[in-house]
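Trainee: What follows is the residue order along each chain.
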Amino acid sequence: MEADTVRYEVNGDCIVIYLPKEVDNHSSRTIREDTEALLAEYAKRPIRYMVFDFKQTSFCDSSGIGVILGRCRRMRALGGTVYVSGESRRVERLLRMSGVYQVVERAEKIEA
Amino acid sequence: MSENMKNSMSVSFDSRSGNEALARMVASAFLVQADPTLEELEDIKTAISEAVTNSIIHGYGVKDQECGQGQVLMELALYEDCVTIRIRDEGCGIEDVPKAMEAFYSGDASGERSGMGFTLMQAFMSELRVASAPGEGTTVWMKKMLSER
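Residue numbers (the numbering used here), protein chains in the order written: chain A, 1 to 112; chain B, 113 to 261.
Source of the hints: derived by calculation from the structure; they are not laboratory data.
Nothing here was measured: the structure is a model prediction, and the numbers come from that model.
Note that CB positions come from ideal geometry on N, CA and C, so glycine has one too.
Hints may be right or wrong, so weigh each one.
Stated by the list, open to error - So, partial list: chain A residues that the calculated Cβ filter (under 10 Å) puts toward chain B: (1) Asp24; (2) Asn25; (3) Leu38; (4) Lys44; (5) Arg45; (6) Ile47; (7) Arg48; (8) Gln56; (9) Ser58; (10) Ile65; (11) Leu78; (12) Glu92; (13) Leu94; (14) Val104.
Unchecked claim - Derived coverage of chain B by chain A (criterion: at least 3 residues anywhere in the stretch with Cβ under 8 Å from a Cβ of chain A; other residues may be distant): (15) 159-172; (16) 192-205; (17) 244-253.
Please model the entire structure based on the sequences and the hints provided.
Mentor: Structure representation (structure tokens):
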């Protein structure tokens, strides 16, 4: 997988978003638009679980936090849940500072 | 120009979101000579990304067409024990700077913004100053102390 591409995987009622190397304002826009398009495309299923996979991510700033919080709001409205997994220590610190762990679940045990 | 300044640089680029990565890369390349720790470098890259993103989305954001596209200026100066960074835009400016700097406050009402930009700059840098007024653009000045290597 190329560092700057975002990969999406839909499995039943679960979508996994494999985040790029750098999650900033620029890549956040793509992630937001693609994810919204997929939620609309699978509206009849519907998708209940959304996983943000940070395994490839070495840089994330507050725009990345924004796109996650925005998706949390969307998923909550749809009765779904958002998970994060694979965060580096740096990303984990950022998510903690921004209160993200108060609204998402950690997905160590989820099979993606 | 301060006497103990070791090196300095400036770069100016279009207010396009793709240039956020450019700003981080240019700053990283310049800072190689200072041999910062990985954590110091990541702190600086994050703070620069926040300031540049603010200039692009708020300073020159689409909500005020007159601001439109513009240039973002980034200056770095390296001293014996610290680096200073200045990010300047000629965009629409900030009406209430203390309000804009509050954690979780965003001038963007879309719900897609965390409102953590200034908070992260403050957390990751040693000093932060913001000068702005409506119609007069915004200048962010930051300083990061570097540990002795």
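Trainee: So, A:Arg45 near chain B? Judge it on the closest CB pair being under 10 Å.
Mentor: Interface hint status for A:Arg45: violated (24 Å vs cutoff 10 Å).
Trainee: Can you verify the interface hint for A:Arg48: is its Cβ closer than 10 Å to any Cβ in chain B?
Mentor: violated, 21 Å
Trainee: Do three or more residues from the region 192-205 of chain B put their C-beta atoms closer than 8 Å to C-beta atoms of chain A?
Mentor: As far as the region 192-205 of chain B goes, the hint is violated, because 0 residues have Cβ atoms under 8 Å from chain A.
Trainee: Have a go at the A:Ile65 hint: is there a Cβ in chain B nearer than 10 Å to its own Cβ?
Mentor: holds, 4 Å
Trainee: Given A:Ile47 was flagged as interface, is its beta-carbon under 10 Å from a beta-carbon of chain B?
Mentor: violated, 19 Å
Trainee: May I ask you to test the interface hint for A:Asp24 with respect to chain B, counting a Cβ-Cβ separation under 10 Å as satisfied?
Mentor: holds, 5 Å
Trainee: Restraint: A:Lys44 near chain B, CB-CB cut 10 Å. Satisfied or not?
Mentor: Result: violated, 25 Å to nearest chain B Cβ.
Trainee: Mind checking the CB of A:Asn25 against every CB in chain B and telling me if the closest is under 10 Å?
Mentor: Result: holds, 4 Å to nearest chain B Cβ.
Trainee: So, A:Leu94 near chain B? Judge it on the closest CB pair being under 10 Å.
Mentor: holds, 8 Å
Trainee: Given as covered by chain A, does the region 159-172 of chain B meet the bar of three residues or more with CB within less than 8 Å?
Mentor: Coverage by chain A holds for the region 159-172 of chain B (5 residues, Cβ < 8 Å).
Trainee: Does the closest beta carbon of chain B sit nearer than 10 Å to the beta carbon of A:Gln56?
Mentor: violated, 15 Å
Trainee: Checking hints one by one. Is A:Glu92 an interface residue toward chain B, by the C-beta closer than 10 Å rule?
Mentor: violated, 13 Å
The structure is inconsistent with the numbered hints 3, 4, 5, 6, 7, 8, 11, 12, 14, 16 and 17, although it conforms to all the rest.
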